[in-house]
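*Asks:* Sequence:
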Amino acid sequence: MFSIGNTLKAENISDIQLFLQTSSVIQQDLSNVKGVPFCLALRKWISIHPAAEFRCIVINNVLRGITPRDWPVFYSHFKEEGSRIIQNLFIFFTEFIKMKFPRTHYCFDVVLSYPDKPFLLDFGPLNSKTNLYAFTWTEISSLLDKEISEEIPPVFRYLDKDIGIMTKAIANMRFQEM
Numbered sequence: 001m002f003s004i005g006n007t008l009k010a011e012n013i014s015d016i017q018l019f020l021q022t023s024s025v026i027q028q029d030l031s032n033v034k035g036v037p038f039c040l041a042l043r044k045w046i047s048i049h050p051a052a053e054f055r056c057i058v059i060n061n062v063l064r065g066i067t068p069r070d071w072p073v074f075y076s077h078f079k080e081e082g083s084r085i086i087q088n089l090f091i092f093f094t095e096f097i098k099m100k101f102p103r104t105h106y107c108f109d110v111v112l113s114y115p116d117k118p119f120l121l122d123f124g125p126l127n128s129k130t131n132l133y134a135f136t137w138t139e140i141s142s143l144l145d146k147e148i149s150e151e152i153p154p155v156f157r158y159l160d161k162d163i164g165i166m167t168k169a170i171a172n173m174r175f176q177e178m
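Numbering-wise (full-length UniProt numbering), the sequence shown opens with residue 1 and increments by one.
Since the hints were derived computationally from the structure, they do not count as laboratory data.
Virtual Cβ for every residue (Gly too), placed ideally from N, Cα, C.
No more than 30 Å apart at the CA atoms, straight line, and that leaves these computed lysine-lysine pairs for BS3-like:
{"id": "1", "residue 1": "Lys-161", "residue 2": "Lys-129"}
{"id": "2", "residue 1": "Lys-100", "residue 2": "Lys-117"}
{"id": "3", "residue 1": "Lys-117", "residue 2": "Lys-44"}
{"id": "4", "residue 1": "Lys-117", "residue 2": "Lys-98"}
{"id": "5", "residue 1": "Lys-129", "residue 2": "Lys-9"}
{"id": "6", "residue 1": "Lys-146", "residue 2": "Lys-98"}
{"id": "7", "residue 1": "Lys-161", "residue 2": "Lys-79"}
{"id": "8", "residue 1": "Lys-100", "residue 2": "Lys-146"}
{"id": "9", "residue 1": "Lys-146", "residue 2": "Lys-129"}
{"id": "10", "residue 1": "Lys-117", "residue 2": "Lys-9"}
What follows is a set of in silico ranges between Cβ atoms, one per label pair, in the way DEER data are often shown:
{"id": "11", "residue 1": "Met-99", "residue 2": "Asn-127", "range": "14 to 22 Å"}
{"id": "12", "residue 1": "Asn-127", "residue 2": "Ile-148", "range": "12 to 20 Å"}
{"id": "13", "residue 1": "Arg-84", "residue 2": "Trp-45", "range": "25 to 33 Å"}
{"id": "14", "residue 1": "Phe-123", "residue 2": "Lys-146", "range": "17 to 25 Å"}
{"id": "15", "residue 1": "Ser-24", "residue 2": "Phe-123", "range": "14 to 22 Å"}
{"id": "16", "residue 1": "Gly-124", "residue 2": "Arg-84", "range": "22 to 30 Å"}
{"id": "17", "residue 1": "Glu-147", "residue 2": "Ile-46", "range": "32 to 40 Å"}
{"id": "18", "residue 1": "Ile-16", "residue 2": "His-49", "range": "21 to 29 Å"}
{"id": "19", "residue 1": "Gln-21", "residue 2": "Asn-60", "range": "35 to 43 Å"}
{"id": "20", "residue 1": "Ile-26", "residue 2": "Thr-104", "range": "22 to 30 Å"}
{"id": "21", "residue 1": "Thr-104", "residue 2": "Ile-13", "range": "34 to 42 Å"}
All chains should be built: construct the whole structure from the sequences, respecting the hints.
*Replies:* And the structure:
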């Protein structure tokens with residue numbers, strides 16, 4: 001999608017109109033809506049540090065995976081804060097999202113602002129077109145028809161060492177070798 005200054009921040013109504021007109025994703029979503037009401041929700045702009053943004057993967061209404069959206073980038077603090085990140089996102093999911101979203105398989109994006117307060121950004125379907133960042137569709141799709149115990153904590157997948165700049169495909173290969 002075209003954006004001025006590589007941001008989705010809208011300064012005025014013309015910026016919003018430009019975003020809507022130039023986004024192929026939005027065009028496709030709106031053209032597939034037949035008889036279904038929709039609403040454009042705008043929020044106050046906040047600056048988000050990429051290391052604070054996470055995608056959470058839900059399968060059969062169980063939080064199964066957490067991945068940084070800034071994948072594949074190494075953040076050293078994930079190793080020591082990983083269990084706290086899992087706990088905060090699991091509590092947030094359990095209290096505010098679980099059994100309230102109309103699907104059983106989906107993903108949602110959150111920002112962890114400090115001190116550890118999750119802020120919901122977006123919901124999305126879970127399918128082969130979903131960007132799963134540190135996970136692959138093959139491994140996620142294999143779980144769709146399985147009963148999953150809620151006692152098993154979600155997997156927080158992140159790069160635990162700096163392996164340099166690389167594409168997602170190379171990062172996934174290296175991650176599986178670790």
